[in-house]
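The primary structure of each chain is shown beneath.
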Amino acid sequence: MAEKIATREAYGSALAEFGAKYNIIVFDADLAEATKTIKFKKVFPDRFFDCGIAESNMLGVAAGAAAAGMIPFVSSFAMFAAGRAFEQIRNSVAYPQLNVKIGATHAGITVGEDGATHQCLEDLALMRTIPGMVVLNPADAVEARAAVEAAILHDGPVYMRFGRAAVPVLFDAATYSFQIGRGVTLAEGADVTIAATGIMVEQALIARELLKNEGIDARVINCATIKPIDRDLLITAAKETGCIVTAEEHNIIGGFGSAVAEVISESCPVPVLRVGTEDVFGRSGKVPPLLEMYGLTAANIVAKAKASIALKK
Amino acid sequence: MDSAKTRELKRIAANIRLGIVEEVFHAASGHPGGSLSVADVITYLYFCEMKTDVNHPAWEDRDRFVLSKGHTCPALYAALAEKGFFPKEDLKTFRHINSYLQGHPDRKYIPGIDMSSGSLGQGISAACGMALAAKLQNKDYRVYTVLGDGESQEGQVWEAAMFAAHYKLDNLCAVLDFNGLQIDGRITDVMNPTPLDSKFEAFGWNVICINGHDFNEIEQAFAKARQTKSKPTLILSSTTKGKGVSFMEDQVGWHGKAPNADEYAQAVQELNAYIAAL
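Line by line, the protein sequences are chains A and B. The C-terminal residue of the first sequence carries number 313 in our numbering, and the numbering is unbroken. The C-terminal residue of the second sequence carries number 1278 in our numbering, and the numbering is unbroken.
Because the hints were derived from the structure by calculation, they are not lab data. Note that the Cβ used here is the ideal one computed from N, Cα and C, for glycine as well. Misleading hints may appear alongside valid ones.
Claimed, not checked - Restraint ranges, calculated between C-beta atoms of paired labels, are given here:
#, chain 1, residue 1, chain 2, residue 2, range
1, B, 1092, A, 240, 55 to 65 Å
2, B, 1138, A, 22, 12 to 22 Å
3, A, 53, B, 1276, 25 to 35 Å
4, A, 46, B, 1028, 30 to 40 Å
5, A, 3, B, 1138, 37 to 47 Å
6, B, 1054, A, 240, 55 to 65 Å
7, A, 46, B, 1261, 53 to 63 Å
8, B, 1097, A, 280, 53 to 63 Å
9, A, 240, B, 1138, 30 to 40 Å
10, A, 179, B, 1228, 42 to 52 Å
11, B, 1230, A, 166, 39 to 49 Å
12, A, 114, B, 1092, 52 to 62 Å
13, B, 1136, A, 311, 52 to 62 Å
14, A, 311, B, 1092, 20 to 30 Å
As the list claims (entries may be wrong) - Where chain A lies over chain B, by a calculated footprint (3+ residues, C-beta under 8 Å):
#, segment
15, 1017–1030
16, 1196–1207
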């Protein structure tokens, strides 16, 4: 059994680690214990600023600090960062092209017991519609750490999506390399491509094994960058496998699946089926039954993979 | 302030008002009322108060300015042009398709603009971030922002007010241009935000109330703000919307309307007569 670490834990650890190497400052909105920015605060208390429960102002303050040459990180739950402060992100951060890094935790259904009001299933859609915004959705702790450093080195606004629940470590820290805008083929395959992002990458790898038992050879692609999406990798996969299943912990409307469908429909039309929450709100519950209830499972990916193969011309 | 200096500032402010009228007339759109009301404060900021360098707009030790009530950028653009950040002739391109003078301030392409703004309530937060950055960088530049009175209905203004007091941003000075009117009518009729002086005081600010068309009072207020330690300052600046153009004064209809050719000619004539009489 692989070690399990929540990507928010890796985010907090990365801020504390990279705080020594880069002159970053961190803002939070009364959620430092939950977003794990507390780890940065403990090491660099003079560069940490709690904004209280006032996300709109926090994004504006970060924009101003960036305009004065700082590299600010802001953190809250995805619901309140991408959701409540959407317009501040659009008008105060992205339109002026300011160097603000948004670390949004508790994204998706895996918030669990807190329920629908806190389970953000719309943030990828919201963030990727903003011109110039880089949108990252790491799959595990190793990728989360790398995404944080890539965000620091990128000049411009970045949205990073992290989860609450502990998830298996998929990648080897010693050999892993991360590049904004680049997807990675984790396993080759010829019959269907499973393009996954975030915690659904693990399910995609499980689905590949299940499909193999049925004689289906599935390719698995990890897209940690939602925007700019890796067009070349996806188009090549579409050409070589003839159909694609996307998997994300997000509404199937507007998010990663939509981004893939946009690329494929314009450049290499093949069937694209989407796994994600199907235009519904979440609910309270423990994480495993929630994932089951909303179809965020390897079994659902398998079903969609077979359906997509059946749609091939 | 001696009378010669007052006269000079009045002349500059009148030229800025002429620039405002030029901009909105040639754009056939824009917001003259609130631009004219804030023109004297903008004049004092750019010609007396703030450290700026027209040859190096991005000079890192400059004082910063954020026009939180961004729709009144005709006043700011006219001041920047008067100061020499860009040619005055360009004011006629305001809001035109190929112009860099956008309908609301855009920091990316307009020399001298420190922050994009226009969505109300957001500029004051950015100003807080700049003031905090100055402290972190051990810089002594000051940060100025101008808010509208209607803008104070935005909740974010009060989030920012809390933040500025909590972090003791005494290098931040906000001016609230209290002209009493917003798009839908008198602010006290639309959604009464008053009293604003005691509200800001309750939020932990140093508050100074002035007549925003009196350069002596403006000068004294900014001087007091600079001397105030451990608190941000709010200058509650009572003004007349449309100030300087008789038929626009205190008229709600001139919030966001451009003058026609006759009105433009009359406005220019009035402002030129004012300058001639100085």
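Do the hints match the structure? See the list:
1. B:1092 <-> A:240: 55 to 65 Å: Holds, at about 57 Å.
2. B:1138 <-> A:22: 12 to 22 Å: holds (19 Å)
3. A:53 <-> B:1276: 25 to 35 Å: Check failed, 56 Å falls outside 25 to 35 Å.
4. A:46 <-> B:1028: 30 to 40 Å: violated (51 Å)
5. A:3 <-> B:1138: 37 to 47 Å: For residue 3 (chain A) and residue 1138 (chain B) the Cβ distance comes to about 43 Å; the hint holds.
6. B:1054 <-> A:240: 55 to 65 Å: holds (58 Å)
7. A:46 <-> B:1261: 53 to 63 Å: With a Cβ separation near 59 Å, residue 46 (chain A) and residue 1261 (chain B) satisfy 53 to 63 Å, so the hint holds.
8. B:1097 <-> A:280: 53 to 63 Å: violated (43 Å)
9. A:240 <-> B:1138: 30 to 40 Å: Roughly 57 Å apart at Cβ, these two residues miss the hinted range, so it is violated.
10. A:179 <-> B:1228: 42 to 52 Å: Roughly 49 Å apart at Cβ, these two residues keep to the hinted range, so it holds.
11. B:1230 <-> A:166: 39 to 49 Å: holds (44 Å)
12. A:114 <-> B:1092: 52 to 62 Å: holds (56 Å)
13. B:1136 <-> A:311: 52 to 62 Å: Since the Cβ atoms of residue 1136 (chain B) and residue 311 (chain A) sit about 56 Å apart, the hinted range of 52 to 62 Å holds.
14. A:311 <-> B:1092: 20 to 30 Å: For residue 1092 (chain B) against residue 311 (chain A), whose Cβ atoms are near 59 Å apart, the range 20 to 30 Å is violated.
15. 1017–1030: violated (count 0)
16. 1196–1207: Violated, because only 0 residues of the segment 1196–1207 of chain B bring their Cβ atoms closer than 8 Å to Cβ atoms of chain A.
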